[in-house]
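Produce the entire structure from the sequences given, and follow the hints as far as they go.
Protein chains in written order, with our numbering: chain W, 173 to 289; chain U, 680 to 791.
Just so you know, the hints here were simulated from the structure itself, not pulled from any lab data. Every residue gets a Cβ at the ideal spot worked out from N, C-alpha and C, and that includes glycine. One or more of the hints may lead you astray.
Result set (SDA-like, lysine to any residue): computed pairs, CA atoms no more than 20 Å apart in a straight line [said to hold, decoys possible]:
id	chain 1	residue 1	chain 2	residue 2
1	U	681	W	230
2	U	721	W	282
3	W	196	W	269
4	U	681	U	790
5	U	681	W	218
6	U	721	W	181
7	U	721	W	182
8	U	735	U	748
Restraint ranges, calculated between C-beta atoms of paired labels, are given here [unchecked claim]:
id	chain 1	residue 1	chain 2	residue 2	range
9	W	186	U	736	48 to 56 Å
10	W	238	U	730	33 to 41 Å
11	U	747	W	235	29 to 37 Å
What follows is the residue order along each chain.
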Amino acid sequence: DAGVIQSPRHEVTEMGQEVTLRCKPISGHDYLFWYRQTMMRGLELLIYFNNNVPIDDSGMPEDRFSAKMPNASFSTLKIQPSEPRDSAVYFCASSYSPPSGIYNEQFFGPGTRLTVL
Amino acid sequence: QKEVEQNSGPLSVPEGAIASLNCTYSDRGSQSFFWYRQYSGKSPELIMSIYSNGDKEDGRFTAQLNKASQYVSLLIRDSQPSDSATYLCAVNPSRGASKIIFGSGTRLSIRP
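Have a look at this one:
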């Protein structure tokens, strides 16, 4: 299995530009999570999906952020317009919910390092 | 009060010694607990999960859970320089919730 795939790995953009981050979860996983990591705030959950449906977007910082999951193998996180304070590493993670109901581990992608100038 | 708290460190331990990492959580209904390791510039990777009170051992790693005290710890025996990383404690806050809350992480440094 290729694991969680994210693209691009690095993104440098100017303030005001639109940024789109992409994620392909592990095949068969029904949960997908978007996180943001900074030195100041640590690892923050932005939004997560179950079976392509957004379940909790309470971590999305503001309306400039939006996320979609059009199918089970693809999700996007969009920032429009971007600001310097959005600079961070953005991780996508996926997991599956076993019949036992016990919470299962999340597998993380390599992350996208975003720099907004 | 943060939902998951960890000492940020850095924690410096000599090679071959036991490293002890601690974590407290605020939600008494929490059911699942995880330790992730994150090397600098890399993504978090799961090293231990624990669901019941007591100890769980896996190689050089032992996770300890005390739900009454709302405390979970990770012991690393025979510490190696390759164990130098940030260790993130994560908690599934309550039964049925589908997310986990991460602590801010403890930076561990193993000195030769």
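Taking the hints in turn, this is what the structure says about them:
1. With a C-alpha separation of about 17 Å, the suggested pairing of residue 681 of chain U with residue 230 of chain W holds against the 20 Å cut-off.
2. For the suggested pair residue 721 of chain U and residue 282 of chain W, the alpha carbons sit about 7 Å apart, so the restraint of at most 20 Å is met.
3. Between the alpha carbons of residue 196 of chain W and residue 269 of chain W the distance comes to roughly 18 Å, so the proposed pair stays at or under 20 Å and holds.
4. With a C-alpha separation of about 31 Å, the suggested pair residue 681 of chain U and residue 790 of chain U falls outside the 20 Å cut-off, and the hint is violated.
5. Proposed proximity of residue 681 of chain U and residue 218 of chain W is supported: the alpha carbons are some 17 Å apart, at most 20 Å.
6. Restraint check for residue 721 of chain U and residue 181 of chain W: the C-alpha separation of about 11 Å stays at or below 20 Å, so the hint holds.
7. Between residue 721 of chain U and residue 182 of chain W, the direct Cα distance comes to roughly 13 Å. Compliance with the 20 Å bound is thereby established for this hinted pair.
8. Among the hinted pairs, residue 735 of chain U with residue 748 of chain U is consistent with the structure: their alpha-carbon atoms are about 17 Å apart, no more than 20 Å.
9. Against the hinted window of 48 to 56 Å, the Cβ-Cβ separation of residue 186 of chain W and residue 736 of chain U comes to about 51 Å, which satisfies the hint.
10. Judged by the Cβ atoms, the range 33 to 41 Å given for residue 238 of chain W and residue 730 of chain U holds: they are separated by roughly 35 Å.
11. Between residue 747 of chain U and residue 235 of chain W, the C-beta spacing of about 43 Å breaks the proposed range 29 to 37 Å.
Violated hints for the displayed structure, listed by number in ascending order: 4 and 11.
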